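Q: Each chain, written out:
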Amino acid sequence: MPKHKIVFINFTNEEDKFENYIDEFIEDLGSISDKYRYKNSIGRPKSWRNDLIAQINFTESLNIKEFIDSTKIEASSRQRVCELLISLLTGSINDIDKVRVEIPETLLDQVKRKILLFDGDQTRFVYQPPTKSSIRIQGLSGTGKTELLLHKLKEIYITFPESKIAFTCHNKILADSLKRRIPEFFDFMKVEQQIQWNERLWCTHAWGSLSEPNSGIYRYICEKYGISFQRYSRAMSFNQACKLALEHLTKNPIKEYAFDFCLIDESQDFPDSFFELCKSVTKFTSYIAGDVFQSIFDENITFAIEPDYLLTKCYRTDPKTLMFAHALGMGLFEPKKLRWLEDREWAACGYLVEKDITNGSCQLKREPLRRFEDVDRSSMPSVIISKINGQFNKSAVDQILACINQIKSENPTVTAEDIGIILLDPDNTSFSLADTLNIQVPRSLGWKVNIAYETKRRVKDTLFVSNKNNVKGLEFPFVICVTRKITSSYSYRNSIYMTLTRSFIQTYLVLSDEGNTGIIPTIENGLSVINKTGCINVNVPTVAEKDLISATIKYSADSESFFDMVHRIFDNLGVLPIYRENLLDAVRKLFSDDFEYDRLYEAIVFNYKIIQGE
Amino acid sequence: MSTTDFMRQLYSITKLFKVSNVKRYIFPVDAYQAQWMFEAIRSKIDIISILMQTIKIMMLPPFPPPKPVGKIVLQVSKMSRLFFIMENKIFSFNFPFVVIENDDCLTFRSIHHAKIDSAVASQVLALLESTDSLKSREVFDFAEPISDLCESDEDFWCMFRELLIYEDGYIRYDCDDVRKNGHLHPLHHLDIFYTTSNTFKLGLNGNVSLDNFLDVLDLNTNCYYVTPAT
Chain G
1 MPKHKIVFIN FTNEEDKFEN YIDEFIEDLG SISDKYRYKN SIGRPKSWRN DLIAQINFTE
61 SLNIKEFIDS TKIEASSRQR VCELLISLLT GSINDIDKVR VEIPETLLDQ VKRKILLFDG
121 DQTRFVYQPP TKSSIRIQGL SGTGKTELLL HKLKEIYITF PESKIAFTCH NKILADSLKR
181 RIPEFFDFMK VEQQIQWNER LWCTHAWGSL SEPNSGIYRY ICEKYGISFQ RYSRAMSFNQ
241 ACKLALEHLT KNPIKEYAFD FCLIDESQDF PDSFFELCKS VTKFTSYIAG DVFQSIFDEN
301 ITFAIEPDYL LTKCYRTDPK TLMFAHALGM GLFEPKKLRW LEDREWAACG YLVEKDITNG
361 SCQLKREPLR RFEDVDRSSM PSVIISKING QFNKSAVDQI LACINQIKSE NPTVTAEDIG
421 IILLDPDNTS FSLADTLNIQ VPRSLGWKVN IAYETKRRVK DTLFVSNKNN VKGLEFPFVI
481 CVTRKITSSY SYRNSIYMTL TRSFIQTYLV LSDEGNTGII PTIENGLSVI NKTGCINVNV
541 PTVAEKDLIS ATIKYSADSE SFFDMVHRIF DNLGVLPIYR ENLLDAVRKL FSDDFEYDRL
601 YEAIVFNYKI IQGE
Chain A
1001 MSTTDFMRQL YSITKLFKVS NVKRYIFPVD AYQAQWMFEA IRSKIDIISI LMQTIKIMML
1061 PPFPPPKPVG KIVLQVSKMS RLFFIMENKI FSFNFPFVVI ENDDCLTFRS IHHAKIDSAV
1121 ASQVLALLES TDSLKSREVF DFAEPISDLC ESDEDFWCMF RELLIYEDGY IRYDCDDVRK
1181 NGHLHPLHHL DIFYTTSNTF KLGLNGNVSL DNFLDVLDLN TNCYYVTPAT
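Sequences listed follow chains G and A, in order. Per the working numbering, the first sequence starts with residue 1, numbered consecutively. Per the working numbering, the second sequence starts with residue 1001, numbered consecutively.
No wet-lab data here; the hints were simulated from the structure. These numbers were taken from a predicted model, which means no experiment stands behind them. There could be a bad hint or two in this list.
Unchecked claim - Once the Cα atoms are required to be at most 25 Å apart in a straight line, the calculated DMTMM-like pairs of lysine to aspartate or glutamate come out as:
#1 G:Lys-172 <-> A:Asp-1153
#2 G:Lys-589 <-> A:Asp-1046
#3 G:Lys-456 <-> A:Asp-1177
#4 G:Lys-472 <-> G:Asp-269
#5 G:Lys-279 <-> G:Glu-155
#6 G:Lys-3 <-> G:Glu-367
#7 G:Lys-172 <-> A:Glu-1151
#8 A:Lys-1135 <-> G:Asp-176
#9 G:Lys-336 <-> G:Asp-298
Unchecked claim - To give an idea of the chain G side of the interface with chain A (calculated C-beta under 7 Å), a few residues:
#10 Ser-211
#11 Phe-431
#12 Ser-432
Each residue gets a CB set at the ideal place from its N, CA and C atoms; glycine is no exception.
Please take these sequences and the hints and turn them into a complete structure.
A: In structure tokens, the structure reads:
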């Protein structure tokens, strides 16, 4: 129970045994505190035993309420020490030099020095011994999946000293970052065993390249079992490569397992065949962690396979920011909604659904959770909509600088790397905007800028600027999202949802007033309802509306390539073959990576008329 | 040249437009920009990287710095070159693109690519930054990202190849008081080429202004002669 002592309750009459148990427990806790260098900050057991540990003999007449009241810790400095003890007990070890024992004063310091504590689901996942061949864990981004996998890895690595472990994800950059994190994490967790790379532990992306057998999990499996390695091409998907490998293994049964355990992150990026492949070469368990959905427009998030652990508590993002991001992403504030979830799906995303059958309305809210509860945040909105007028690039740069200055004035300890700027528009203006920031930010603020779509990494002591394609896995205390026009394209809406949720404390949404006159009042109103009532108020779409939403998503940009969509429209319109190549070139220049059916259709009709000379 | 002279020269833009058939575009730079511009050049990759970052500046409307510390000069004539000028330092290399003047900024194209914009420059920079593209033993690690880019920009590979194989003609004037060492490292000198096994120095009798430097490289003016140290 937060802000209360650690309590031992004796349900027996064996006083001596009870006393001994407590003594041994405290002694062990003291030695863990020593091991993780907490002792210098929180002191020896004698300095916390008296006021942070309580014991009681259970009797029928015990008044629980009175007893709980009597264990309350009043001083916030002692509450923090107790929280650090709990973190040691649950194995969610924090870096004591970073979180420190003193109470942080500003909100930003609260965030940076927050003591991370596992919740019940997270603790069970980390410490339960493997029971079956695959264990699935799912949750929205920000629910701590990767952190949990790292803890699980540590547990396996220590508990099974001879085991061979694969740790992988689809994306190469994320895999590289995981590989860098493991030694730091193991050092920090005082793992005494050496990391034996590519002998006991493989941490790499899933595919790999021909020249290096340890460059990918699939590549390693091919090497080990003499399977012919398939490299990526337009004709060879990862799914197909995995299926071919599985076929080989069926015909040539394995004599020795490649791995004892397999940990897979970002599982939403993988086809099932990869899980099958891993399972077939893994002796004990595959731990598979992934997001509830790859995109908020994924059709089937009612899981084909029930996850063993469903994490619904998002600790990274303020619940109000998360609600706003979901609502804006799915178009819930707008008359024509873009996405609707069924009750079970809302629950998987951590929502409580309250429907009012009389008027067809619905309230979506999230369970309150313990993030930075000690801070008074009532005067500090978690999302700020900031409208701009005039020439977009110039006014956007001015407004971004104004936002940063506001953040600086409200948070004097803020540094360049605490803020992330994400430019959402797909066209070339985003690039010029980033180039302008690259000149103006150093001049105005003395901060260096990291254009992350060029460097593909975070750089210390620099202001992060990137576009919508490079936000995965990122988080900042403050995020500034910039967009000229909120479009209805699914890829755009998914990006805006992803981007808005990257902040711990505050998200600024800088958007042009001119291009968004219709939508701005609705989203401002929706945000104000979220801020006042803590929930999203929406009308449940009718059956007909739901059908339309679902039918539109079926043919969305996310499920159909640009090329396929253009050809489907050509076929529908009966475009003559001789005109197709020129028409394709014309529309490709008009739409880069952001396209939606209606606009594409209009453009093709228009250009077709011109080409035919009508 | 004294600091005051140098600062005066930074602003003497009109003086540079006197030659006919020669176009010169001048972009004053601040201390932050000078930092990355004047980092040591050790490879062709460094040249391409500076080139890309520079065209990004030239494609924007001008943002004159409050405190200029140097300038970039783009000279387009029979010889097309970029010059980077700071006090006691000038370096230059070939500019491989065709320049198109707009109202308040420049745009560029190459033999193979009709529009080299900021997005293209960023893609080139991302390729240069990626360790796999240019350092991997596996040729596909180089080819695949380029092939992916070509799906949305079919001329990308030809343009990128052009950058990799073009002759950059790097030359640098330096006045290095710290490392001067008689005729082995004259106070004023030109550094020709940049890789350790290629580079050599040509000593100079005195300092070099941008005009002198341009004159050395100008095909239409008299040549300079190299004489042994005395």
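Q: Output the numbers, in ascending order, of every earlier hint that fails for this structure.
A: Those not satisfied are hints 2 and 3.
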